[in-house]
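Under this note's numbering, the first residue of the sequence shown is numbered 1, with each subsequent residue one higher.
Any given hint might turn out to be false.
As the list claims (entries may be wrong) - No farther apart than 30 Å at their CA atoms in a straight line, the calculated lysine-lysine pairs in the BS3-like style are these:
1. K78 x K167
2. K194 x K71
3. K135 x K78
4. K119 x K40
5. K217 x K134
6. K194 x K25
7. K134 x K17
8. K194 x K114
9. K167 x K61
10. K40 x K17
11. K217 x K78
12. K135 x K57
13. K40 x K194
14. K135 x K17
15. K181 x K112
16. K167 x K181
17. K61 x K40
18. K40 x K78
19. K114 x K134
20. K194 x K78
21. K57 x K25
22. K71 x K57
23. K61 x K119
24. K17 x K71
25. K167 x K135
26. K181 x K119
27. K17 x K167
28. K217 x K25
29. K181 x K78
If you are wondering where the hints come from, they were derived from the structure by calculation, not from laboratory data. No experiment lies behind these values; they were computed from the predicted model shown.
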Amino acid sequence: MSGAQAMIAGEFDSIAKAWEWAIGKIYREGQLVNTEYGVKARMVNGMLLEIANPVQKWHPKDPFCSPMRVKYYVEQFKRESAGKHGFEYTYIDRMVNYEGFDQLKWMAEQLKNKRYDSKRVQAITWIPRVDCAKKEDQPCFQRIWVYPYQNDTLDVHIHYRSWDMFKAFEANLMAFQELVKDELTGPSGFTLGKLRCFGDNVHIYEDDFQAVEAVLK
Numbered sequence: 001m002s003g004a005q006a007m008i009a010g011e012f013d014s015i016a017k018a019w020e021w022a023i024g025k026i027y028r029e030g031q032l033v034n035t036e037y038g039v040k041a042r043m044v045n046g047m048l049l050e051i052a053n054p055v056q057k058w059h060p061k062d063p064f065c066s067p068m069r070v071k072y073y074v075e076q077f078k079r080e081s082a083g084k085h086g087f088e089y090t091y092i093d094r095m096v097n098y099e100g101f102d103q104l105k106w107m108a109e110q111l112k113n114k115r116y117d118s119k120r121v122q123a124i125t126w127i128p129r130v131d132c133a134k135k136e137d138q139p140c141f142q143r144i145w146v147y148p149y150q151n152d153t154l155d156v157h158i159h160y161r162s163w164d165m166f167k168a169f170e171a172n173l174m175a176f177q178e179l180v181k182d183e184l185t186g187p188s189g190f191t192l193g194k195l196r197c198f199g200d201n202v203h204i205y206e207d208d209f210q211a212v213e214a215v216l217k
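Assemble the whole structure, with the sequences as input and the hints as a guide.
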């Protein structure tokens, strides 16, 4: 199979329902491709998932969501962990120290100032002079964008250029909810509205195909 695919989109009540639907779509309808890692994967270019009630509860069949693993992900999104993981960077590093600028603090200030209906409140992770010079290990997560409504609810959009939907989707979203609570809604008094997750390339690696089949039974 080759050529362009249409974008796939769905609306869901929960993260768990979104995850099961997404892995089913990718596994059954995605293109089987070779990857730069030397393994095959099924992938879809362009997936949008809207979650109306993004509570912190994951799918009971998700083998990569456990309290310990979720705690690990959450800790990586905590401000106090920035620069302390021993990696070249983490997402929290890029957001709170983007070439010396604290993007999350700026976002919180816009919300505290009641900048309703603004389309400008966002933080990004890609640093061209750094990431374009590297062959690999650039950030998968690209941007968080929020929309503050007059009723003090906050829609949150999360944009990934590359997303392993089977292994990482639910654990990532548990961590993002903590980030939003700690850095945005908590300091500003807003409440979380809808969560929209967009992946440029969403995929499942062949090593996980058998596990995916077990979830979808």
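request  = Compare the structure with the hints numbered earlier in the document and write down the numbers of the violated ones, lowest to highest.
outcome  = 4, 5, 7, 11, 12, 13, 14, 18, 19, 23
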